[in-house]
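Undergrad: Given next are the chains, with one letter for each unit.
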Amino acid sequence: MKQNKVINIEGLTKTYNEFIAVNEISFDVNEGEVFALLGPNGAGKTTTVEIIECLKTPDNGKVEIFGINLEDKKKQNEIKRKIGVMPQNFNAFDWLTVKENLDYFRKLYDSKISIDELIDRVGLTKKTDSMYKTLSGGMKQRVGIAISLINEPELLFLDEPTAGLDPQARRETWNLIKKLKQQGKTIFLTTHYMEEAQELSDRILIIIEGKIVASGSPSKLIENYGGNKSIILKNCDRKILDKNNIQYESDRESQVQITYDNNDQLFKILASVTDDPNVEIEIKKPNLDEAFLNLTGRRINDEGLAK
Amino acid sequence: MRTAIIIFTVFRGHFKAWQRNKTTLFWTLAFPLLLMLLFGGLFSLQSDKMDLYIENNDIIQNNPSETSLRIIRLINQTDSFNILEDEGDIEEQVRTIVIPKNFELDFQEGDTSIKLIMDDSHQTFSRTNSLINGVINSMNIEKQSVKQPITLIQEQISSNDLSFIEYFVPGVIGIAIMSTGIFGTIGTNTKYRKNGVIKKLATTPLSKFEWIIGLVLYHILIGIISTSVILTVAVLVFSINIVLNPLIILLIISGALTFPGIGMIISTVVREEEEADAAGNVVTFPMLFLAGTFFPLETMPTFIQLFAKTLPLTYLNNGLREIMVFGNYQAALWNCVIVFAIGIIAIAISMKVTKWTDL
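Residue numbers (my numbering), protein chains in the order written: chain A, 1 to 307; chain B, 1 to 359.
Chain A with its partners taken away, still in its complex shape (with noise of 0.2 Å):
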């Protein structure tokens, strides 16, 4: 089945006076998936997002959504009325009230939406006569989801959705994510936390520097850029693996990682170790971390710095 393109970008450049934010990139958006592009700080994904929502003009490139190219100013209304966004570190009106911001926005598209339904939608129902200014990160970060389904989008873009919240939070807004997905909606999301991405895209854009260094699903870009398997042995009898022509890396003086490829070779590192009493094991799957540092030479903390 061929896939719609909802977004269609080609060699889109985007320089800040003598600074290049991204640099000629390519790439589609499919109907229906949830698509992330995942980078640092600094990497260009706000600077790529902006300039699909309108909000930052291109210096080269083509950009086109549903089939609308943004060159045509005249047609940028038509795209604003087709998309939610939650830009990043989203703000609603501090002395609004949620239900009094969700209408404040319902207005401006003249959208027909149930209020009560969408905050009960988000997990809002308990504040919406709070204001805005008195909710926390996460409950705000719903607030931000809430009003960019207000005008019932075909394609949402979330860009940091869950910058710094706390693990709950992030889980509560990520099962949100997974809702909207599940009624169809497309989704554009920009992160750089990669478990985020791992755990909700259906297809990652790895963007460094303004340029695009890999794509593909989670799992192919696991696969392919996550190295080997391995397993962990605690405590084990290094004689038993010696004797059995077992290979292993030792970084501590307790345990040792063995790699393998396929599960033919991990059932002869077990069989080699079931009389050892002693012995715990820990399986090790190659996650997206592991991809990324193979990728880019460099991890990524929590708050989005390259190291």
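These are computed hints drawn from the structure, not numbers from a lab. Ideal Cβ placement from N, Cα and C applies to all residues, glycine included. Hints should not be assumed to be uniformly reliable.
[Said to hold, decoys possible] Reference listing, derived: stretches of chain B covered by chain A, where coverage requires no fewer than 3 residues with Cβ under 8 Å from a Cβ of chain A:
1) 17-28
2) 189-200
[To be verified] Below, in silico cross-link-like pairs of lysine-lysine (BS3-like), each with a Cα-Cα straight-line distance of 27 Å or less:
3) LYS194/B / LYS127/A
4) LYS82/A / LYS62/A
5) LYS285/A / LYS229/A
6) LYS99/A / LYS208/B
7) LYS194/B / LYS56/A
8) LYS22/B / LYS133/A
Since the structure of chain A is already known, use the hints to place chain B on it.
TA: Frame of chain A, contents of chain B only:
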């Protein structure tokens, strides 16, 4: 129709936030009131006695008659007037008493009069009138044979004399409209730009035109509210006479275009919230003192007068004063036209310079 709904939404959002935020309420309502009560109170304490010019025409053999001197003494005993000798410039004198020729003789006959030359719309008129009448009545009682030997006649002049508070009240309204317009707009715009509200709005179909017009409408309403509050308190506390006229609303509208317009322009230059107040002060401070809010421009050096003519608040203050205090429609309208024109230009520039993309 859709545009109207959007503009109304923006307007209502600003208004609700204003109602709920104690800081903005203070600056738009309490601050001008405090300013008025403080300065109005200070100046009214200072000038407790009213100047009274006396033209005594009852001269007998080069000396004022005994009766005329007696009435002057009685007026002095009320302890309410500074008695001054008539300088012949009736128009410049707020209140003048004229004692006629043959006053003493006619008083004996039981038929004379005293003339009070004063503007009956002046805020001290009723007080002056009743004090002088009291003096006349006390003299009339002696002459019981005649019902009313001395009558008080009032001659109307149009007085340009303003008490400080009459002069000051329109200026307080001007300051309220200016500071809310400039500080309010710079404050909300820098805040909303910094915390991402503007960015969020820019992703919606809301245009910057609708955003700015909604803001102007909000400032018109705030202007009307603060003007009403200031005028009510001014009338209750200082019992001044105010001419109410639709031109006042037109002046408020013109101010609500001008000052938020200037605020919008400044907020495109000022990026940080902390710089916003400083920038607002740079613009409002000269206007506060040089736009004829506290003292008439005529009393200032020529170069300051020339500078004052470049300040929009000068015209707003003049317009409000002409209509509220003097009831001079033509002068008020002329000032209103100037403020309105500046307002249109300021809004046009702010539409041009306000960024809705590439924030």
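Undergrad: Next step is simple, just say for each hint if it's right about the structure.
TA: Hint by hint, here is what the structure shows:
1. For the region 17-28 of chain B, the stated coverage by chain A is satisfied: 3 residues place a CB nearer than 8 Å to a CB of that chain, which reaches the threshold of 3.
2. Check result for the region 189-200 of chain B against chain A: holds, 5 residues qualifying (beta carbon to beta carbon below 8 Å, three or more required).
3. Between LYS194/B and LYS127/A the CA atoms are separated by roughly 25 Å; this keeps the pair inside 27 Å, and the hint holds.
4. Between LYS82/A and LYS62/A the alpha-carbon distance is near 19 Å, which keeps this suggested pair within the 27 Å criterion.
5. With a CA separation close to 5 Å, the supplied pair LYS285/A and LYS229/A stays within the 27 Å bound.
6. For the given pair, LYS99/A sits about 24 Å from LYS208/B by alpha-carbon distance, which is consistent with the 27 Å threshold.
7. As the CA atoms of LYS194/B and LYS56/A are separated by approximately 17 Å, the hinted pair is consistent with the 27 Å bound.
8. Distance check on the hinted pair: LYS22/B and LYS133/A sit about 14 Å apart at the alpha-carbon level, within 27 Å; holds.
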